[in-house]
Amino acid sequence: MIGILQARYALQKFIWIFVCVSAAARLDAFVSSSGGYQVESSVIDNGGGAPLSGGGYLARGSAGQRLPGEGSGLAVSGGYVNRTGFYNPPHFAFQKGLASVAISNSGAVRLALPPGAVNKEVFDITINRNPMAAPLSVDPGVINSANSKIEQNEGGWSRLLPGNIIEMTVFDEQDVWARPFAQSGALAVSYRDDNGDGVLDGSNPPVRIETVNPWALDEALSLWTKLPAALSDRASKVITAPLTRPGVYALLGTVDESVKDVYAFPVPFRPGGPNAGSGAGQTGTEAGGITFTNIPQVGNIEIYTLDGRLVRRLAIPGGLFSPMLKWDVRTAGGGRAASGVYIWRVVSGSNSKTGKLMVIW
577 MIGILQARYA
587 LQKFIWIFVC
597 VSAAARLDAF
607 VSSSGGYQVE
617 SSVIDNGGGA
627 PLSGGGYLAR
637 GSAGQRLPGE
647 GSGLAVSGGY
657 VNRTGFYNPP
667 HFAFQKGLAS
677 VAISNSGAVR
687 LALPPGAVNK
697 EVFDITINRN
707 PMAAPLSVDP
717 GVINSANSKI
727 EQNEGGWSRL
737 LPGNIIEMTV
747 FDEQDVWARP
757 FAQSGALAVS
767 YRDDNGDGVL
777 DGSNPPVRIE
787 TVNPWALDEA
797 LSLWTKLPAA
807 LSDRASKVIT
817 APLTRPGVYA
827 LLGTVDESVK
837 DVYAFPVPFR
847 PGGPNAGSGA
857 GQTGTEAGGI
867 TFTNIPQVGN
877 IEIYTLDGRL
887 VRRLAIPGGL
897 FSPMLKWDVR
907 TAGGGRAASG
917 VYIWRVVSGS
927 NSKTGKLMVI
937 W
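Counting from 577, one number per residue, gives the positions in the sequence shown under my numbering.
Any given hint could turn out to be false.
[To be verified] Listed below are the simulated DMTMM-like cross-link pairs for lysine to aspartate or glutamate, each with C-alpha atoms no more than 25 Å apart in a straight line:
#: 1; residue 1: 696; residue 2: 795
#: 2; residue 1: 813; residue 2: 786
#: 3; residue 1: 902; residue 2: 786
#: 4; residue 1: 813; residue 2: 773
#: 5; residue 1: 902; residue 2: 773
#: 6; residue 1: 929; residue 2: 883
#: 7; residue 1: 929; residue 2: 878
#: 8; residue 1: 802; residue 2: 715
#: 9; residue 1: 813; residue 2: 769
#: 10; residue 1: 836; residue 2: 773
#: 11; residue 1: 802; residue 2: 777
#: 12; residue 1: 672; residue 2: 697
If you are wondering where the hints come from, they were derived from the structure by calculation, not from laboratory data.
Could you put together the complete structure from these sequences and hints?
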(Lines of atoms letter the chains of each structure in order from A; the text may use other names.)
(Lines give C-alpha, C1' and ligand atoms only; values in the text may rest on other atoms or scores of the structure.)
Protein backbone atom coordinates (compact mmCIF):
# COMPACT_ATOMS: atom_id res chain seq x y z
CA MET A 577 0.00 0.00 0.00
CA ILE A 578 2.90 2.40 0.79
CA GLY A 579 4.31 1.78 -2.69
CA ILE A 580 0.93 2.53 -4.26
CA LEU A 581 0.61 5.78 -2.29
CA GLN A 582 4.10 6.87 -3.30
CA ALA A 583 3.43 6.14 -6.96
CA ARG A 584 0.13 7.95 -6.83
CA TYR A 585 1.57 11.08 -5.24
CA ALA A 586 4.49 11.10 -7.64
CA LEU A 587 1.94 11.32 -10.45
CA GLN A 588 -0.15 13.85 -8.52
CA LYS A 589 2.82 16.19 -7.95
CA PHE A 590 3.79 15.90 -11.60
CA ILE A 591 0.29 16.87 -12.62
CA TRP A 592 0.28 19.85 -10.26
CA ILE A 593 3.60 21.12 -11.68
CA PHE A 594 2.28 20.61 -15.18
CA VAL A 595 -0.74 22.81 -14.35
CA CYS A 596 1.53 25.62 -13.22
CA VAL A 597 3.41 25.53 -16.52
CA SER A 598 0.40 25.43 -18.84
CA ALA A 599 -2.81 27.46 -18.49
CA ALA A 600 -4.84 24.78 -20.23
CA ALA A 601 -3.60 21.24 -20.67
CA ARG A 602 -4.63 17.60 -20.73
CA LEU A 603 -2.52 14.62 -19.84
CA ASP A 604 -3.34 11.05 -20.75
CA ALA A 605 -1.12 8.88 -18.59
CA PHE A 606 -0.68 5.18 -18.03
CA VAL A 607 1.03 3.93 -14.90
CA SER A 608 2.64 0.54 -14.45
CA SER A 609 0.07 -2.01 -13.32
CA SER A 610 2.55 -3.73 -11.02
CA GLY A 611 0.81 -2.11 -8.07
CA GLY A 612 -2.45 -3.76 -9.01
CA TYR A 613 -4.07 -0.78 -10.76
CA GLN A 614 -3.73 1.53 -13.72
CA VAL A 615 -4.56 5.25 -13.93
CA GLU A 616 -6.12 6.21 -17.25
CA SER A 617 -7.13 9.48 -18.87
CA SER A 618 -5.97 11.75 -16.07
CA VAL A 619 -7.38 15.24 -16.40
CA ILE A 620 -5.95 18.59 -15.38
CA ASP A 621 -7.76 21.77 -14.41
CA ASN A 622 -7.07 24.73 -16.67
CA GLY A 623 -6.59 27.07 -13.71
CA GLY A 624 -10.01 28.66 -13.90
CA GLY A 625 -11.85 26.23 -11.69
CA ALA A 626 -14.05 24.81 -14.44
CA PRO A 627 -15.78 21.52 -13.62
CA LEU A 628 -14.03 18.31 -14.57
CA SER A 629 -15.86 15.04 -14.90
CA GLY A 630 -15.00 11.40 -15.28
CA GLY A 631 -14.85 8.14 -13.42
CA GLY A 632 -18.19 8.53 -11.69
CA TYR A 633 -17.53 11.85 -9.98
CA LEU A 634 -17.50 15.56 -10.68
CA ALA A 635 -14.75 17.75 -9.25
CA ARG A 636 -13.97 21.45 -9.57
CA GLY A 637 -10.49 22.92 -9.46
CA SER A 638 -8.80 19.56 -9.16
CA ALA A 639 -6.70 16.91 -10.77
CA GLY A 640 -8.62 13.67 -10.91
CA GLN A 641 -8.42 10.28 -12.52
CA ARG A 642 -10.80 8.44 -14.74
CA LEU A 643 -11.24 4.72 -14.36
CA PRO A 644 -13.08 2.68 -16.98
CA GLY A 645 -16.59 1.44 -16.31
CA GLU A 646 -16.26 -1.96 -17.92
CA GLY A 647 -13.84 -4.85 -18.14
CA SER A 648 -12.45 -7.38 -15.73
CA GLY A 649 -11.26 -6.52 -12.26
CA LEU A 650 -13.76 -3.68 -11.75
CA ALA A 651 -15.92 -3.09 -8.70
CA VAL A 652 -18.78 -0.63 -8.29
CA SER A 653 -19.26 1.04 -4.92
CA GLY A 654 -21.73 3.86 -4.33
CA GLY A 655 -21.65 6.16 -7.34
CA TYR A 656 -18.02 5.49 -8.17
CA VAL A 657 -16.32 2.94 -10.40
CA ASN A 658 -13.06 1.55 -9.05
CA ARG A 659 -10.63 -1.15 -9.87
CA THR A 660 -10.60 -3.90 -7.27
CA GLY A 661 -7.92 -3.08 -4.74
CA PHE A 662 -7.82 0.62 -5.64
CA TYR A 663 -8.84 3.41 -3.28
CA ASN A 664 -12.27 2.66 -1.93
CA PRO A 665 -13.85 5.07 -1.27
CA PRO A 666 -12.18 7.15 -4.03
CA HIS A 667 -9.89 10.08 -3.33
CA PHE A 668 -10.37 13.52 -4.88
CA ALA A 669 -7.18 15.57 -5.35
CA PHE A 670 -7.30 19.36 -4.95
CA GLN A 671 -5.03 22.41 -4.90
CA LYS A 672 -4.80 25.04 -2.17
CA GLY A 673 -5.51 28.03 -4.42
CA LEU A 674 -8.65 26.67 -6.03
CA ALA A 675 -12.14 26.05 -4.74
CA SER A 676 -12.66 22.41 -3.82
CA VAL A 677 -16.00 20.95 -4.91
CA ALA A 678 -16.72 17.22 -4.88
CA ILE A 679 -20.06 15.69 -5.88
CA SER A 680 -20.85 12.00 -5.67
CA ASN A 681 -22.10 10.52 -8.90
CA SER A 682 -25.47 9.75 -7.34
CA GLY A 683 -25.72 13.36 -6.16
CA ALA A 684 -26.36 12.23 -2.60
CA VAL A 685 -23.40 14.19 -1.19
CA ARG A 686 -21.91 17.50 -2.29
CA LEU A 687 -19.18 19.34 -0.42
CA ALA A 688 -17.51 22.64 -1.22
CA LEU A 689 -14.55 24.45 0.33
CA PRO A 690 -13.30 27.92 -0.62
CA PRO A 691 -9.70 28.47 -1.80
CA GLY A 692 -7.22 28.28 1.06
CA ALA A 693 -9.53 26.41 3.43
CA VAL A 694 -6.88 23.68 3.82
CA ASN A 695 -3.30 24.84 4.40
CA LYS A 696 -1.75 22.29 2.07
CA GLU A 697 -0.56 22.90 -1.48
CA VAL A 698 -2.05 19.62 -2.71
CA PHE A 699 -4.43 17.45 -0.70
CA ASP A 700 -7.00 14.70 -1.03
CA ILE A 701 -10.62 14.60 0.10
CA THR A 702 -12.37 11.31 0.66
CA ILE A 703 -16.13 10.88 1.12
CA ASN A 704 -16.88 7.62 2.91
CA ARG A 705 -20.54 6.56 2.95
CA ASN A 706 -20.02 3.60 5.30
CA PRO A 707 -17.96 4.67 8.34
CA MET A 708 -19.74 2.18 10.60
CA ALA A 709 -18.49 -0.91 8.75
CA ALA A 710 -15.44 0.48 6.92
CA PRO A 711 -14.14 3.54 8.80
CA LEU A 712 -11.24 5.64 7.57
CA SER A 713 -10.22 7.31 10.82
CA VAL A 714 -13.18 7.34 13.20
CA ASP A 715 -13.81 4.55 15.72
CA PRO A 716 -17.22 2.96 14.97
CA GLY A 717 -17.63 2.46 18.71
CA VAL A 718 -17.73 6.23 19.13
CA ILE A 719 -20.56 6.44 16.59
CA ASN A 720 -22.46 3.65 18.34
CA SER A 721 -22.09 5.41 21.68
CA ALA A 722 -23.36 8.70 20.22
CA ASN A 723 -26.29 6.86 18.63
CA SER A 724 -27.27 5.30 21.96
CA LYS A 725 -27.16 8.64 23.76
CA ILE A 726 -29.33 10.51 21.28
CA GLU A 727 -31.90 7.70 21.12
CA GLN A 728 -32.16 7.70 24.91
CA ASN A 729 -32.98 11.41 24.81
CA GLU A 730 -34.99 11.73 21.58
CA GLY A 731 -36.47 8.26 21.18
CA GLY A 732 -36.58 6.12 18.05
CA TRP A 733 -37.16 9.15 15.82
CA SER A 734 -33.44 9.95 16.09
CA ARG A 735 -32.32 6.46 15.04
CA LEU A 736 -29.52 6.61 12.48
CA LEU A 737 -30.39 5.16 9.08
CA PRO A 738 -27.45 3.54 7.20
CA GLY A 739 -27.69 5.78 4.14
CA ASN A 740 -27.72 9.01 6.15
CA ILE A 741 -24.14 9.06 7.46
CA ILE A 742 -20.86 10.12 5.81
CA GLU A 743 -17.25 10.46 6.85
CA MET A 744 -15.26 13.29 5.23
CA THR A 745 -11.47 13.07 5.48
CA VAL A 746 -8.70 15.43 4.27
CA PHE A 747 -5.12 14.20 3.99
CA ASP A 748 -1.91 14.14 1.97
CA GLU A 749 1.14 11.88 1.94
CA GLN A 750 2.32 13.41 5.22
CA ASP A 751 -0.67 13.42 7.54
CA VAL A 752 -4.42 13.69 8.02
CA TRP A 753 -5.93 17.18 8.33
CA ALA A 754 -8.03 17.04 11.51
CA ARG A 755 -8.15 20.77 12.26
CA PRO A 756 -10.92 23.28 11.50
CA PHE A 757 -10.84 24.79 8.03
CA ALA A 758 -9.43 28.30 7.64
CA GLN A 759 -12.77 29.22 6.05
CA SER A 760 -15.98 27.23 6.37
CA GLY A 761 -17.48 25.52 3.37
CA ALA A 762 -20.81 23.81 2.74
CA LEU A 763 -21.99 20.22 3.00
CA ALA A 764 -25.16 19.19 1.17
CA VAL A 765 -26.70 15.76 1.75
CA SER A 766 -29.86 14.39 0.14
CA TYR A 767 -32.49 12.35 1.96
CA ARG A 768 -35.06 9.80 0.75
CA ASP A 769 -38.75 10.57 0.54
CA ASP A 770 -39.55 8.86 -2.74
CA ASN A 771 -43.33 8.90 -2.33
CA GLY A 772 -43.42 12.53 -1.20
CA ASP A 773 -45.40 11.82 1.96
CA GLY A 774 -43.20 14.04 4.11
CA VAL A 775 -41.77 11.08 6.05
CA LEU A 776 -38.17 9.85 5.83
CA ASP A 777 -38.14 6.58 3.89
CA GLY A 778 -37.33 3.54 6.03
CA SER A 779 -37.87 5.29 9.36
CA ASN A 780 -39.76 3.57 12.17
CA PRO A 781 -41.25 5.31 14.07
CA PRO A 782 -41.95 7.64 11.13
CA VAL A 783 -39.62 10.65 11.01
CA ARG A 784 -41.19 13.77 9.57
CA ILE A 785 -38.93 15.58 7.13
CA GLU A 786 -39.31 18.93 8.90
CA THR A 787 -37.52 17.46 11.94
CA VAL A 788 -34.51 16.16 9.97
CA ASN A 789 -31.30 18.14 10.51
CA PRO A 790 -27.58 17.66 9.88
CA TRP A 791 -25.57 16.62 12.94
CA ALA A 792 -21.80 16.39 13.49
CA LEU A 793 -20.07 13.75 15.58
CA ASP A 794 -18.14 15.06 18.57
CA GLU A 795 -15.58 12.28 18.84
CA ALA A 796 -14.15 13.49 22.16
CA LEU A 797 -17.54 13.30 23.90
CA SER A 798 -19.12 10.58 21.73
CA LEU A 799 -22.09 12.88 21.04
CA TRP A 800 -24.09 14.05 18.05
CA THR A 801 -24.30 17.86 17.95
CA LYS A 802 -26.80 19.63 15.70
CA LEU A 803 -25.27 21.94 13.11
CA PRO A 804 -26.50 25.54 13.09
CA ALA A 805 -28.03 27.43 10.17
CA ALA A 806 -29.05 24.36 8.17
CA LEU A 807 -31.09 24.96 5.02
CA SER A 808 -33.64 22.38 3.86
CA ASP A 809 -34.85 22.33 0.26
CA ARG A 810 -38.00 20.20 0.21
CA ALA A 811 -38.26 20.35 -3.59
CA SER A 812 -34.83 18.80 -4.20
CA LYS A 813 -34.79 16.82 -0.91
CA VAL A 814 -31.41 18.27 0.07
CA ILE A 815 -30.22 19.65 3.41
CA THR A 816 -27.22 22.01 3.45
CA ALA A 817 -25.14 23.02 6.46
CA PRO A 818 -21.84 24.81 7.14
CA LEU A 819 -18.79 22.57 6.85
CA THR A 820 -16.20 23.74 9.39
CA ARG A 821 -13.91 20.71 9.72
CA PRO A 822 -13.45 17.12 8.53
CA GLY A 823 -15.34 14.45 10.42
CA VAL A 824 -18.48 12.35 10.53
CA TYR A 825 -21.86 13.86 9.67
CA ALA A 826 -25.37 12.44 9.67
CA LEU A 827 -28.96 13.37 8.96
CA LEU A 828 -31.00 12.64 12.08
CA GLY A 829 -34.62 13.26 12.92
CA THR A 830 -36.34 14.12 16.17
CA VAL A 831 -39.87 13.77 17.47
CA ASP A 832 -42.20 16.42 16.06
CA GLU A 833 -43.71 18.44 18.93
CA SER A 834 -44.82 21.40 16.83
CA VAL A 835 -48.43 22.51 17.42
CA LYS A 836 -48.49 25.82 15.54
CA ASP A 837 -50.29 24.45 12.47
CA VAL A 838 -52.92 22.29 14.22
CA TYR A 839 -56.56 22.93 13.32
CA ALA A 840 -59.87 21.04 13.42
CA PHE A 841 -62.40 20.40 10.64
CA PRO A 842 -65.24 20.48 9.79
CA VAL A 843 -66.27 23.47 11.89
CA PRO A 844 -69.12 23.63 12.48
CA PHE A 845 -69.73 19.89 12.73
CA ARG A 846 -73.32 19.37 11.57
CA PRO A 847 -73.86 15.83 10.26
CA GLY A 848 -77.65 16.26 10.05
CA GLY A 849 -77.70 19.64 8.30
CA PRO A 850 -78.29 20.55 4.64
CA ASN A 851 -74.54 20.58 3.84
CA ALA A 852 -73.71 17.30 5.56
CA GLY A 853 -71.01 15.20 3.88
CA SER A 854 -67.29 14.55 3.87
CA GLY A 855 -66.31 16.75 0.92
CA ALA A 856 -64.68 20.16 0.92
CA GLY A 857 -66.92 22.81 2.49
CA GLN A 858 -69.36 20.24 3.88
CA THR A 859 -70.22 19.87 7.53
CA GLY A 860 -69.19 16.25 8.09
CA THR A 861 -70.77 12.91 8.88
CA GLU A 862 -71.36 11.12 12.16
CA ALA A 863 -69.07 8.27 11.08
CA GLY A 864 -66.31 10.69 10.07
CA GLY A 865 -66.36 12.81 13.24
CA ILE A 866 -64.06 15.81 13.65
CA THR A 867 -60.48 15.63 12.40
CA PHE A 868 -57.48 17.37 13.95
CA THR A 869 -54.72 17.79 11.38
CA ASN A 870 -51.05 18.84 11.44
CA ILE A 871 -50.84 17.37 14.93
CA PRO A 872 -47.53 16.61 16.70
CA GLN A 873 -46.23 13.06 17.10
CA VAL A 874 -46.67 12.91 20.87
CA GLY A 875 -49.00 14.53 23.37
CA ASN A 876 -52.74 14.90 23.92
CA ILE A 877 -55.77 16.65 22.46
CA GLU A 878 -58.31 17.73 25.07
CA ILE A 879 -61.87 18.93 24.46
CA TYR A 880 -63.54 21.15 27.08
CA THR A 881 -66.91 22.80 27.54
CA LEU A 882 -66.92 26.61 27.72
CA ASP A 883 -67.10 26.46 31.51
CA GLY A 884 -63.93 24.31 31.66
CA ARG A 885 -65.27 20.78 32.13
CA LEU A 886 -63.20 18.10 30.38
CA VAL A 887 -65.26 16.22 27.78
CA ARG A 888 -62.63 13.97 26.22
CA ARG A 889 -58.88 13.47 26.20
CA LEU A 890 -57.34 11.89 23.09
CA ALA A 891 -53.80 10.51 23.39
CA ILE A 892 -51.69 10.95 20.26
CA PRO A 893 -50.16 7.56 19.37
CA GLY A 894 -46.36 7.78 19.34
CA GLY A 895 -46.00 5.81 16.11
CA LEU A 896 -48.65 7.76 14.24
CA PHE A 897 -47.76 7.94 10.53
CA SER A 898 -50.35 10.46 9.37
CA PRO A 899 -50.44 13.89 11.08
CA MET A 900 -54.19 13.52 11.72
CA LEU A 901 -56.35 12.26 14.57
CA LYS A 902 -60.15 11.90 14.64
CA TRP A 903 -62.56 12.63 17.46
CA ASP A 904 -65.78 10.64 17.19
CA VAL A 905 -67.62 13.53 18.92
CA ARG A 906 -68.31 11.41 21.95
CA THR A 907 -67.62 12.00 25.62
CA ALA A 908 -65.29 9.99 27.81
CA GLY A 909 -68.35 7.97 28.89
CA GLY A 910 -69.19 7.01 25.28
CA GLY A 911 -72.26 9.21 24.77
CA ARG A 912 -72.72 11.86 22.11
CA ALA A 913 -71.24 15.25 22.95
CA ALA A 914 -74.15 17.70 23.20
CA SER A 915 -74.70 20.43 20.64
CA GLY A 916 -72.73 23.55 21.55
CA VAL A 917 -69.39 25.32 21.40
CA TYR A 918 -66.28 23.57 22.72
CA ILE A 919 -62.66 24.52 23.38
CA TRP A 920 -59.95 22.18 22.17
CA ARG A 921 -56.37 22.20 23.41
CA VAL A 922 -53.40 20.29 22.00
CA VAL A 923 -50.34 19.78 24.22
CA SER A 924 -46.97 18.35 23.11
CA GLY A 925 -43.89 18.73 25.27
CA SER A 926 -43.74 22.38 26.30
CA ASN A 927 -45.94 23.46 23.38
CA SER A 928 -49.70 24.01 23.43
CA LYS A 929 -52.40 25.55 21.28
CA THR A 930 -56.14 26.13 21.72
CA GLY A 931 -59.05 26.60 19.36
CA LYS A 932 -62.82 26.44 19.14
CA LEU A 933 -65.26 24.07 17.47
CA MET A 934 -69.04 23.82 17.26
CA VAL A 935 -71.26 20.72 17.32
CA ILE A 936 -74.81 20.85 15.92
CA TRP A 937 -76.85 17.63 15.82
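Hints and how they fare:
no.: 1; hint: 696 to 795; verdict: 24 Å, holds
no.: 2; hint: 813 to 786; verdict: 11 Å, holds
no.: 3; hint: 902 to 786; verdict: 23 Å, holds
no.: 4; hint: 813 to 773; verdict: 12 Å, holds
no.: 5; hint: 902 to 773; verdict: 19 Å, holds
no.: 6; hint: 929 to 883; verdict: 18 Å, holds
no.: 7; hint: 929 to 878; verdict: 11 Å, holds
no.: 8; hint: 802 to 715; verdict: 20 Å, holds
no.: 9; hint: 813 to 769; verdict: 8 Å, holds
no.: 10; hint: 836 to 773; verdict: 20 Å, holds
no.: 11; hint: 802 to 777; verdict: 21 Å, holds
no.: 12; hint: 672 to 697; verdict: 5 Å, holds
In this structure, none of the earlier numbered hints is contradicted; all agree with it.
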